[in-house]
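A.B. asks: Here the protein sequences come in this chain order: A and B. Per the numbering used here, the very first residue in the first sequence carries number 1; after that it's consecutive. Per the numbering used here, the very first residue in the second sequence carries number 1001; after that it's consecutive.
It is possible that part of the hints are untrue.
[Unchecked claim] If you want the footprint, here are the derived chain B segments under chain A, 3+ residues with CB under 8 Å: (1) 1116–1124; (2) 1153–1163; (3) 1192–1204; (4) 1261–1269.
[Stated by the list, open to error] So the derived list for chain A, only partly shown, Cβ under 8 Å to chain B, looks like this: (5) Phe-30; (6) His-45; (7) Asp-66; (8) Ile-67; (9) Pro-116.
[To be verified] If you want the footprint, here are the derived chain B segments under chain A, 3+ residues with CB under 8 Å: (10) 1042–1055; (11) 1371–1377.
Treat the hints as calculated values from the structure; they're not laboratory data. The structure displayed is predicted, hence computed values, not measured ones. No residue lacks a Cβ here, since even glycine has one placed at the ideal position from N, Cα and C.
There are 2 protein chains.
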Amino acid sequence: MEKAKTVSKEVRKDVKQMTFPYHTDKTDDFTSEEVNLANRCHGLHLEGLDLALTPAGMHYLLIHFDIPTGPATAESTYRLKLRGLVDRPLELSMADIRRRPRVSIPVTMEYWTHVPWQNEALGTAVWTGTPLKDLLEEAGLQDKAIELLFTGLDKGLQGGEMQYYQRCLTIDDATREEVILAYEMNGQPLLPQHGAPLRLIVPGWYGMTNVKWLDSIEAISTPFDGYQMQAYMFTQYPGDPQGKRMRHLKVRSLMVPPGVPDFFTRVRLVEEGNVKLKGRAWAGPLAVKQVLVSVDGGVTWAEATLAAKAVGKFAWIAWSFEWRNARAGAKHFLMTKAIDELGNVQDNAEEWNYYAMGATVPQSVPVVVVSSPEWRITGKPLPNPPRHPKL
Amino acid sequence: MEKAKTVSKEVRKDVKQMTFPYHTDKTDDFTSEEVNLANRCHGLHLEGLDLALTPAGMHYLLIHFDIPTGPATAESTYRLKLRGLVDRPLELSMADIRRRPRVSIPVTMEYWTHVPWQNEALGTAVWTGTPLKDLLEEAGLQDKAIELLFTGLDKGLQGGEMQYYQRCLTIDDATREEVILAYEMNGQPLLPQHGAPLRLIVPGWYGMTNVKWLDSIEAISTPFDGYQMQAYMFTQYPGDPQGKRMRHLKVRSLMVPPGVPDFFTRVRLVEEGNVKLKGRAWAGPLAVKQVLVSVDGGVTWAEATLAAKAVGKFAWIAWSFEWRNARAGAKHFLMTKAIDELGNVQDNAEEWNYYAMGATVPQSVPVVVVSSPEWRITGKPLPNPPRHPKL
Chain A
1 MEKAKTVSKE
11 VRKDVKQMTF
21 PYHTDKTDDF
31 TSEEVNLANR
41 CHGLHLEGLD
51 LALTPAGMHY
61 LLIHFDIPTG
71 PATAESTYRL
81 KLRGLVDRPL
91 ELSMADIRRR
101 PRVSIPVTME
111 YWTHVPWQNE
121 ALGTAVWTGT
131 PLKDLLEEAG
141 LQDKAIELLF
151 TGLDKGLQGG
161 EMQYYQRCLT
171 IDDATREEVI
181 LAYEMNGQPL
191 LPQHGAPLRL
201 IVPGWYGMTN
211 VKWLDSIEAI
221 STPFDGYQMQ
231 AYMFTQYPGD
241 PQGKRMRHLK
251 VRSLMVPPGV
261 PDFFTRVRLV
271 EEGNVKLKGR
281 AWAGPLAVKQ
291 VLVSVDGGVT
301 WAEATLAAKA
311 VGKFAWIAWS
321 FEWRNARAGA
331 KHFLMTKAID
341 ELGNVQDNAE
351 EWNYYAMGAT
361 VPQSVPVVVV
371 SSPEWRITGK
381 PLPNPPRHPK
391 L
Chain B
1001 MEKAKTVSKE
1011 VRKDVKQMTF
1021 PYHTDKTDDF
1031 TSEEVNLANR
1041 CHGLHLEGLD
1051 LALTPAGMHY
1061 LLIHFDIPTG
1071 PATAESTYRL
1081 KLRGLVDRPL
1091 ELSMADIRRR
1101 PRVSIPVTME
1111 YWTHVPWQNE
1121 ALGTAVWTGT
1131 PLKDLLEEAG
1141 LQDKAIELLF
1151 TGLDKGLQGG
1161 EMQYYQRCLT
1171 IDDATREEVI
1181 LAYEMNGQPL
1191 LPQHGAPLRL
1201 IVPGWYGMTN
1211 VKWLDSIEAI
1221 STPFDGYQMQ
1231 AYMFTQYPGD
1241 PQGKRMRHLK
1251 VRSLMVPPGV
1261 PDFFTRVRLV
1271 EEGNVKLKGR
1281 AWAGPLAVKQ
1291 VLVSVDGGVT
1301 WAEATLAAKA
1311 VGKFAWIAWS
1321 FEWRNARAGA
1331 KHFLMTKAID
1341 ELGNVQDNAE
1351 EWNYYAMGAT
1361 VPQSVPVVVV
1371 SSPEWRITGK
1381 PLPNPPRHPK
1391 L
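All chains should be built: construct the whole structure from the sequences, respecting the hints.
C.D. replies: This is the structure in structure tokens:
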């Protein structure tokens, strides 16, 4: 079993010395490193909520280390290793994997609202691959195996440890029928940044579960508690002994920001009158029961209309809402939140992680209503002389 | 001709009031808005420099407003309008366009090193589409036409103006044989965020030229000086009368950050010994003559080995360099820069734009060299008790 290792204090100090200070607790002093992370680990473009399936490059990304390229991930030379406490260890090529039973499943995948994202660590795609369950049966899991350890090909330093990205699942969680090893996304070959050639997909679970660039699956007899397991906990404060492992997505709703944006601030402009609002809601493995919308910053809420059917059992459902008589000159904060089939409400602050930036806090979209003449582009001459952006 | 319009002072004030203050001139107090922009307008993952062609979702993006979706961009209902000073105005469906002559061309596309990017506003893709020249001949450009105005379907507020994204080209620039209307990227259908269903590709020019979600092409008799023309100028200071329109990409080189990263800071760790460095260089329509590498933060420079051939006339060329005897414990800033066939050197500060953050300044990669035992992941037990990321 490949394990993470702690690097020396000197190396950690060297790494720290070569960069600027970390982000403080102020809202608006993000560091270059955080902007850089946002550049690598981008979010869903929220207007993409209009699409039932998120195209590959619009789907959010979290890349812990580097995207592996080269022979280890090439179609012809890649090998998946299934080993550990199994009767028949397997080493499979992509051709072997593509010959196996093939299933497709739409999945809404999400990560915390957390640096570097705001609301948009999200995406819904149809993943195509082969069920993990069948592979495990073929290999023959031994009785003493209690967990499966999934190791990615991506390596780096995090929390002072040199590590491959590693996550585990219990045998029960890993052998559910919807758990697959995926090699296609929306009917196209998996792109490098989404885990090519092969990744784990565990529908209904937070993104970090879905290990990319899968190198090996190892059946183990002692619980794995590596860095990437310890890091993803719901806790109320540092070291909280009541902390819970992150598992299933919680209920949440987002709207397509209406109208058009101001380039830099992304504040929205909408035309006066009736404004159609729309969006999507999801609750991991649960159904969404109700979506609420507020046009007054959360003072009052009204019910949105849900689509007849969700995109899938583990994928979002569309909703719509008519905002009537928006008055020119008015400013609004539009909000939305959802409630799942068990009655869980989105803004349950108790569940926040102490270092998450927003967790499931309802989205709030700043909107300026403009008059119809102002909304239209009429063809008046452009102003002179040349001016420059404010940046 | 659709023109931008200035919105009222009240609307502009409202937009401003609904957001946090703008970024100041300090290095490390980026605002939420800037992080949000980075999330939408992501960069190339620099490890992707290892690939001759950049996969769609790894290619940099600049989306001024929203990604248009719906009927205006749908394959079956989309129409390109070619109008203005032409004898035979055209209105073409995607089927019409796909029936026309089809060409493919590899292009390195780039934008300024500028908020929200650091080095990585870059990508190289094979674009497939139909030559613009032939379409213009079919429509019959009139003699008094001096420019073509390209209008996108994306609308929003920028610089106080409500506008569709608009850029122009002179007839000479627009009728070069390499200028195409593209509907495929790397052999796959164009993705929404890259301009689907149809975009302009002008090889060798900065990214803002390549208008996405193309709605119309209009032949005009007076020079177009709209916001998106005024904004992209090489100037030394605000209002500089010597300012020049941005056209061709300047010479530049980047390296694949070697070794593995620290998750948060992206500082690199490499194993002691000989380290192979590699990267790509480009110079818009010009050839790259030489690539230089420094392992001591720019104090001394040595020549890298260029590949025999560039990926294309308008696309980057690979280079490699062996860094010998990297010593464990040492810290280095690795740098690279290029020189084009006319002798232009990358770090020509004179050409910087006054508000660009780095322009063509050579990349500098912080690297910590670690000992071989430290580099390997040996399988020692993981530390306990649980710890949390620093964010």
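A.B. asks: Against this structure, judge whether each hint is valid.
C.D. replies: Now the hints, each set against the structure:
1. Counting residues of the stretch 1116–1124 of chain B whose CB lies closer than 8 Å to any CB of chain A gives 4, which reaches the minimum of 3, so the coverage claim holds.
2. Coverage of the stretch 1153–1163 of chain B by chain A holds [criterion: at least 3 residues with CB-CB distance below 8 Å; count 8].
3. Given as covered by chain A, the stretch 1192–1204 of chain B passes the check, having 3 residues with a CB less than 8 Å from a CB of that chain where 3 are the minimum.
4. Under the rule that three or more residues need a Cβ within less than 8 Å of chain A, the assignment of the stretch 1261–1269 of chain B holds, with 8 such residues.
5. Against a cut-off of 8 Å between C-beta atoms, the interface hint on Phe-30 of chain A holds, since the closest Cβ of chain B lies about 4 Å away.
6. About 5 Å separates the beta-carbon of His-45 of chain A from the nearest beta-carbon of chain B, less than 8 Å, and the hint is met.
7. Of the supplied interface hints, the one on Asp-66 of chain A holds, with its beta-carbon coming within about 4 Å of a beta-carbon of chain B, less than 8 Å.
8. With its C-beta approaching chain B no nearer than about 5 Å, Ile-67 of chain A sits inside the 8 Å limit, and its interface hint holds.
9. Restraint check, Pro-116 of chain A versus chain B: the minimum CB separation of about 6 Å is within 8 Å; hint holds.
10. Residues of the stretch 1042–1055 of chain B with a Cβ under 8 Å from some Cβ of chain A number 8, which satisfies the need for three, so the listed coverage holds.
11. Only when three residues or more bring their CB closer than 8 Å to a CB of chain A does the claim for the stretch 1371–1377 of chain B stand; here the count is 3, and the claim holds.
When held up to the earlier numbered hints, the structure conflicts with none and fits them all.
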